[in-house]
Structure formats: C-alpha cells, structure tokens
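Peer 1: Here the structure of chain Y is known, so what remains is to put chain D in place on it, guided by the hints.
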Amino acid sequence: MSSSSNLVAMKKVVQQLRFEASINRVKVSQAAADLQQFCLQNALQDPLLTGVSSSTNPFRPQKVCSFFASSGALPSHIAARPAECNRPLRLRRMNHGTTLLWNRRCGQLGLLGCVVLTELRRHDATPEPALAPPLVAANILEMMLQDGSTHLLCLTASSGVPLFTRGAPRQLPFPVIGSLNGVHMFGGGQGVVLSSCETEGGGKVVWRVFRDSVMLIAVSGGGSSSKEEEARLQRLLEDVWSCMVLVLGQDELTNMRNVERLKRDLRSCFSLIDQLLEERQQGILGNLTHCADSLLPPNPALLQQAVDGFAQAADSEFGCLLVHGRIAAATEKWWRLAPQEVVLLSAVIRSLSASGSASCDYPVFLPHGSPTVAHRLLRFQLLPGVDVCVLAESELVGLFWSPLVEALRDCLALGKRCMPTSVSLRPDVLALLLINRDTRRSVSCVRTHPLPSDPPLPSEARCWELLKLLYIFSSTRYFSQEEALCVSPEERSQRGNTEDFVLGFSHQPLQCYSVTDECKSYGLQTAQHQLFLLMPPSVPTFALRSVATQTLSDIVAATGF
Amino acid sequence: MADVPAPGSVVVSDWHRCKDSKEYFNKILHKKRRKNFGLLESPVMPPHAAVDTVHYKIFISGKSGVGKTALAARLAGLNIPPVHYETTGIETTVVYWPVKLRESGRVLFFRLQLWDCGENALRRFDHLLPSCKEQVDAVLFLFSFTDRPSFDDLSNQIGKWNGPSVGRVAKLVVGTKFDLFMHCDVAERDVRDFQETMGLPLLRVGGEVSDGLGDVALLLNCPGRAAVASGLCHSWIGPPPVTAGGRDSSLIQRS
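Protein sequence lines, in the order shown, are assigned to chains Y and D. The first sequence lines up with residues 1 to 561 when you count with full-length UniProt numbering. The second sequence lines up with residues 1 to 255 when you count with full-length UniProt numbering.
Just so you know, the hints here were simulated from the structure itself, not pulled from any lab data. Any given hint might turn out to be false.
[Unchecked claim] One side only, chain Y facing chain D, incomplete, derived with CB under 8 angstroms:
| no. | residue |
| --- | --- |
| 1 | Arg267 |
| 2 | Ser268 |
| 3 | Ser271 |
| 4 | Asp361 |
| 5 | Val405 |
[To be verified] Below, a list of computed lysine-lysine pairs in the DSS-like style, where the Cα atoms sit at most 27 angstroms apart:
| no. | chain 1 | residue 1 | chain 2 | residue 2 |
| --- | --- | --- | --- | --- |
| 6 | D | Lys100 | D | Lys35 |
| 7 | D | Lys19 | D | Lys133 |
| 8 | D | Lys22 | D | Lys35 |
| 9 | D | Lys100 | D | Lys22 |
| 10 | Y | Lys416 | Y | Lys468 |
| 11 | D | Lys100 | D | Lys32 |
| 12 | D | Lys31 | Y | Lys416 |
| 13 | Y | Lys416 | D | Lys32 |
| 14 | D | Lys100 | D | Lys27 |
| 15 | D | Lys35 | Y | Lys416 |
| 16 | D | Lys100 | D | Lys31 |
| 17 | Y | Lys263 | D | Lys63 |
Here the structure is a predicted model, which means the values were calculated and not measured. Ideal placement from N, C-alpha and C gives every residue a C-beta, glycine not left out.
Extracted from the complex, chain Y is given alone in its bound form:
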C-alpha cells in the first residue's frame, strides 16, 4: 500500500516540475513593470483602495427592515401584502406578520385596513417618503413581548420625544420606541387614530394621546384573550395619565415649555405608576373594577362620626379612614369624588402607608375635580395599618382618635375578611367580590382557612387571581359597565366593542356561571349590586345560584352595603 501511494506522489512531483519548466520566463525588470501596470489599471476595483460598497458586499450584516403596506386604499379591503405592491422588493421572510386595527376618527370601529409588518431585505436604496417613518423592528418587539410583562412608554405627542419608559427590567430599544410613535403618526397623517394593535404572538400595543400633549403607549406580552387584555391596557393608560395629573397637575403636562425639566419632574410619578404596573398588593381590586376597595367595620356609626368630626375640625369636607388599605369610613364628599379619584387616592395612601412613615403632607391634584389646583393630602398613621386622611390641614389627630383606639383595633382584627363577624358566610364560599353599583364601592375577600378537601382547593393567591379573571370575563362579556362619570362619550363608543353579547340581544343578562377544574364561579347582577363568587368544585352546579343569592342577601341585610 505504502509503495503505491509513494509512486503516485512522485508522479505528481514530476508533473509539477515539468509544468514549471515549460513556463515562459521573463526578466525581473519586465515582470515588475507588468505588475505595476496591472495594478494601476485595476486600482478602481481594488476594495483595499476604494472600500467595499455596501450593496455588493456579501458579508455585510443582514439589515432588518420592515415594510408598511396598504392604508392608501382604506377602507376597501382587509389586507395588502407587500408582494402586491409594485415596488422592486424581494421578500425574504414573513414570519412577523402583525395586524393593526384602525380606529377611525368618527368613532366607528372596524377592521378598515391591515398592516403587515415583515422582515425583508430591501434592494432599492430610496424608500418612498411616506413609508419611511413606520419602520418597526418587529422582531425586537416580538422578543420583548415574550416575557409577558407590560411596558409603558410616554412621549410628547407633538414631537415624539421619549419622556419615560417603565415596567420592565430591560428597556425597549430606542428604534422600537421611535417606530411605535411613527406608526401612530403615520395613521394621524392618513386621518385615522390608531388605537390598538395585536401581534401574532398574542402581544398587544395600545396607543392613547392625552390633551394633545402626551402620548402613552402600553405594550404587553398578552397571555389572556386579546379583548380583555385590550380593555385592561386602555384602563391602564387612563390610570397612568391620572397618576401623572395627580402628582404634577394638568398645567405642567399640557404647557410643555421645557421637555428636560418635565422629564425630571415626571420621575416623581414613578412610584405610583410602578404600583399600577406591578399590582403589588394582593387583594386590592380597585384598579380593575374602578370601585373603591372597602372594609365594612363592625361599628360603622362610631367611625363615621369620628371621620366626619375630624374632617370638620380640619376645615375640610373630605376625610377618610383606611384599614389595611381599604376604606372603612369616609365623609359624604369623599364618596362624591369621581370613582377613579377615590381609587387613586386610596392607592396613594397605601403606598405612603407602606413606607411606615407616621404622617405625610402631600400636594395632590384631583384628575377630575381639580386638575390645576393642588390640595394638601394629609395622612396620619394612627396604628400600623390604620390611616386617616383629610384633604386640608389638620393637627388634631390625638384629640379625635385616641378614644377610638379599641374600635380601630377591632377593624384591624378583621384582616382581609373586610366584613364584620356578624355576617356569616356559607362555608362553601371560597372568595367573593361584591360591588355596589350606586356608590361605586366594593368589598372583596378570600377565605384564608378553607376547609381541607380533596382535590386541594386553589391557594389564596390563586383565588385572588381567579376572582380578577372572573370579573374581567363577566364584565367584558355579559354585564355592562357604567362609568358615566369618568368616560367621555367618545371613549365609550371605543369601548363599545367589549359588549358583543349585550349588543346582540335586547335583554340584560342577570346571572352567569362557569365551571372549571379548579373551581365553580357565579356572577350575579341586580339593579344595585354585582356579586362574583368562587366556590369549590364539590358544590353541585344547580346549587350555585341559591348560594349566590343567599350570600348577597345575607351581606346586604347585615351591613346595609
């Protein structure tokens, strides 16, 4: 074997030597002159001398660009794909199709146009000017969306300068923020208001411009069904705007003279905004229901009297007492504030209370009642977990509240039950949320010691989550929401899409139920109340209704809620 391979190698060497011997030889001087001439002739094509033009370089990084089609032909057809466009484009991949819902300015909602954002490689150098702004780096967005969190962006509406972003460990990259703004701006140029968009991965983007000065964009990774998620994000944007007004006042936000200064001032809203985004406190449903989380004290008249007296002595008509972050008693005027304000003020007080400080004096603006004049929100921690608040000045804490220490301790002892022990709940109630539709108040509780059973019942945290889901499910599908106070007619028509069932039928649903592996749930609506109940799966389905009606009548009879 080795000798034959040796032979082959030798033959190759001989062949090479013969080839070299046959080459025509020239003098060194001539060869040098030839080389020089060749170099001068081809200098223009030498990449080392002239550089590589980016269009011919096969090694340049693949440029990601996205393309915005359609919308010229509103409202005739649903989708226009880039391929239909007669532009010299070659489609690479189309795995990031993203549809946007256009909401026309007249308020009528429908799928008027559709935009497909795709990743493709562009070969022409000059994009059409109209298509330049909405370049969304769709793949980056998709990547950010996957972690399931909610991002919040705030920009100036006129110039698109980013003011802040919240709600994520990772910030959205600047090109994405710019693109999200650009898409909205592009829609504005076409006479449409872009309100929301959905990605294939279930993510959601919601836009909203407030007072022509600030644009808020919420981006969420989705998860739950899109209609509910959109309702949640819309509400989130409204609440965030209210937070900004509450801390800074409307004037500062609308008369934007110095953007850098506004950016700095907006930092003071972060604590409240983060609280909204994270929903830190378990068992507080106010952000969702826009009803004030309440606690029904065992001795309501006594506390009511004290709150009234305290507020009066402080020269204020607004006073309230919070136990475990829920309103136990409040003056009449306090309840006349817009429901959203009551919820927001409770949130402010909760966050102040969590810091453990003894008293606070915070200037606050009321988003609906007084968006331009600040009030003083005074909060006093009577006991850890019990706070009393007035919107004015006061130095009389001890005088009014010292005699009531025991009554307050009784309230504290109620814990998360939120109801006096005189109300006997049926043992098969896992969790409940009761809303008074007239006063926009709510009480909610989850049984902390449910009966041991097999299979195990959902944990407390899971019960709160299920209760939220039940509320979202029933209120978006069956029970109409009335928020005449804080929703303008224009917005309500926007929201109208959540009520398919209600629109389709002439009657109002009064009760609904659902049965899952984890639990059975029942929703009940009367002229004055809405009740949402969670029960263990062992309860027979036919009994759900009687449990619900009985629970409602028990609570109302015992507390007059």
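Peer 2: Chain D only, in chain Y's frame:
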C-alpha cells in the same frame, strides 16, 4: 461651635449596651425588630417606672437622591426602600429612643420626629418649607459620598440656616452611602477640612442594616446629643413640657 459639648457628656453614649437599659429598649422592639408606632401609640412603661417623653422635630435636608428617605427609614428601623422613588411631599417618621442623662441618671424617652421632604417638591410648592422649618429643633444636612456636588453644596445649605430668623437650631452633617467606597467621590481629606472649618459634628452612614440596635444607636444618640447640646433643649430637660405615659403624649401638637 463652642457650645457643642464633647460626645457623651450629656447622655450616656452607649447605654443600649448596658444591662440596665434592657427593659426600656424592649419597649421599642418587637420580635427582635424595631416596633412601628402609630400616632396613637407610644412605648408604655409600667406605672411605677413611668418615663417622660421629650419631643424633637428634626428636618432632613439635602439634594434629591442623596438618601433622605432611606436615612429616615434606617433610623426608624424600617425597611429601606429597594428602589429610589422621589418623595413628592413631606413624610414624617417617628423614632422613639430611650436615653439616660449622665448627670442625673434620669431616663427619658426621646421622640424624634424626622421630617423628610423631597427637594423637587420643595421647589414646586412654596408651603412645604415653612411647615418644615416651623419650631424645628435640629437639622440634618445630608450629602452623599458618591455625589460630589451634594458635598460642595453643603456650606451653601448650612448658610441658609444661620440667619437670625431661624433661631437656635442644632446642626449635624451626615454623609450617606459611605459603604460604596468604589464609587466614592468625596476624599477623606476634604471631609476633614470641611469638618474643621464648619465645626459641625459629621457622621458617616451606609451599608447593610442588621436588626440590632448597635448600628443605629450611634446616629440616634448623636442627633439627640446635638439637640440637647444646643442649649435650647436644656431647659426642656428640667421640667419636661410634655408629660408622657398618658395617651396625650402622642399628640402631634406641641405645647
């Protein structure tokens, strides 16, 4: 300044380590952590050992982000907020601390009300600073070891509290974030020079807070000491104006 007595000359400085202080310190502890008192509560001693409470109002001054809220939380033994959020109004924190007077051996409860107000809020709303300054007993001037401008601004800040309108107020300088020596922006020499020219007591804080008392004791005794030393408060110690032990002691108003 000349009228600041030497450390430990008015109150026993490390009294929290002595055995005889235990029954008093137990009143401000709960399960080895500092107890959080609401306004209706105060440490209550048994009737035979009733102790007077002396109220002080202490204003925390310093640039935004220097650590005012964190210092108040630290002194009160509360959880230090993990994320920095601006304080958009006044927050007061109450700290109870038992002290023993060196001369008479008498035990008192100090009730230090720390007033913390965000710098930006002070700028935006005019009514906040007057209410912070009203009847204030002591001021803590804060600077951060990681923020040079906050140190440079100190003399300017202190100057504002020297006028005749302010009255006699005890002053103390506190340097925060001393543990972040990697990012230290203020040299030790500068601090020494500053201390010599201003003649004010200067403390350094930073790092983890354990649940014990030792960490905070030094600081807590110090403002108390400065306040006592300021002479203004000397008169208080003779017959204390606020009687303690009863419920009324937790009134926000002061006689």
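Peer 1: Give a verdict on every hint.
Peer 2: Now the hints, each set against the structure:
Using the Cβ-Cβ criterion of 8 angstroms, the hint placing arginine 267/Y at the interface with chain D is satisfied: the shortest such distance is roughly 5 angstroms. Annotation: serine 268/Y was flagged as interfacial toward chain D, and the flag holds, the nearest CB pair being 4 angstroms apart, inside 8 angstroms. Taking 8 angstroms as the C-beta cut-off, the interface hint given for serine 271/Y holds, the closest approach to chain D being about 4 angstroms. For aspartate 361/Y, the shortest C-beta to C-beta distance to chain D is roughly 4 angstroms, which falls under 8 angstroms, so the interface hint holds.
At its closest, the beta carbon of valine 405/Y sits 5 angstroms from a beta carbon of chain D; the interface hint therefore holds under the 8 angstroms criterion. With a C-alpha separation of about 20 angstroms, the suggested pair lysine 100/D and lysine 35/D falls inside the 27 angstroms cut-off, and the hint holds. As the CA atoms of lysine 19/D and lysine 133/D are separated by approximately 38 angstroms, the hinted pair breaks the 27 angstroms bound. For the hint linking lysine 22/D to lysine 35/D, the alpha-carbon distance of about 15 angstroms falls within 27 angstroms, and the restraint holds.
Taking the CA atoms of lysine 100/D and lysine 22/D, the gap is about 12 angstroms. The hint holds against a cut of 27 angstroms. Taking the CA atoms of lysine 416/Y and lysine 468/Y, the gap is near 16 angstroms; set against the 27 angstroms cutoff, the hint holds. Among the hinted pairs, lysine 100/D with lysine 32/D is consistent with the structure: their alpha-carbon atoms are about 22 angstroms apart, no more than 27 angstroms. The hinted pair formed by lysine 31/D and lysine 416/Y meets the criterion: a straight-line CA distance of about 23 angstroms does not exceed 27 angstroms.
In summary, the hint linking lysine 416/Y to lysine 32/D is supported, as the alpha carbons are separated by about 26 angstroms, within the 27 angstroms threshold. A threshold of 27 angstroms between alpha carbons decides the hint, and for lysine 100/D with lysine 27/D the separation of about 15 angstroms falls inside it, so the pair holds. Straight-line distance between C-alpha atoms of lysine 35/D and lysine 416/Y comes to about 22 angstroms, which keeps the hinted pair within the 27 angstroms bound. For the suggested pair lysine 100/D and lysine 31/D, the alpha carbons sit about 24 angstroms apart, so the restraint of at most 27 angstroms is met.
With a CA separation close to 18 angstroms, the supplied pair lysine 263/Y and lysine 63/D stays within the 27 angstroms bound.
Of the numbered hints stated above, the single one contradicted by the structure is hint 7.
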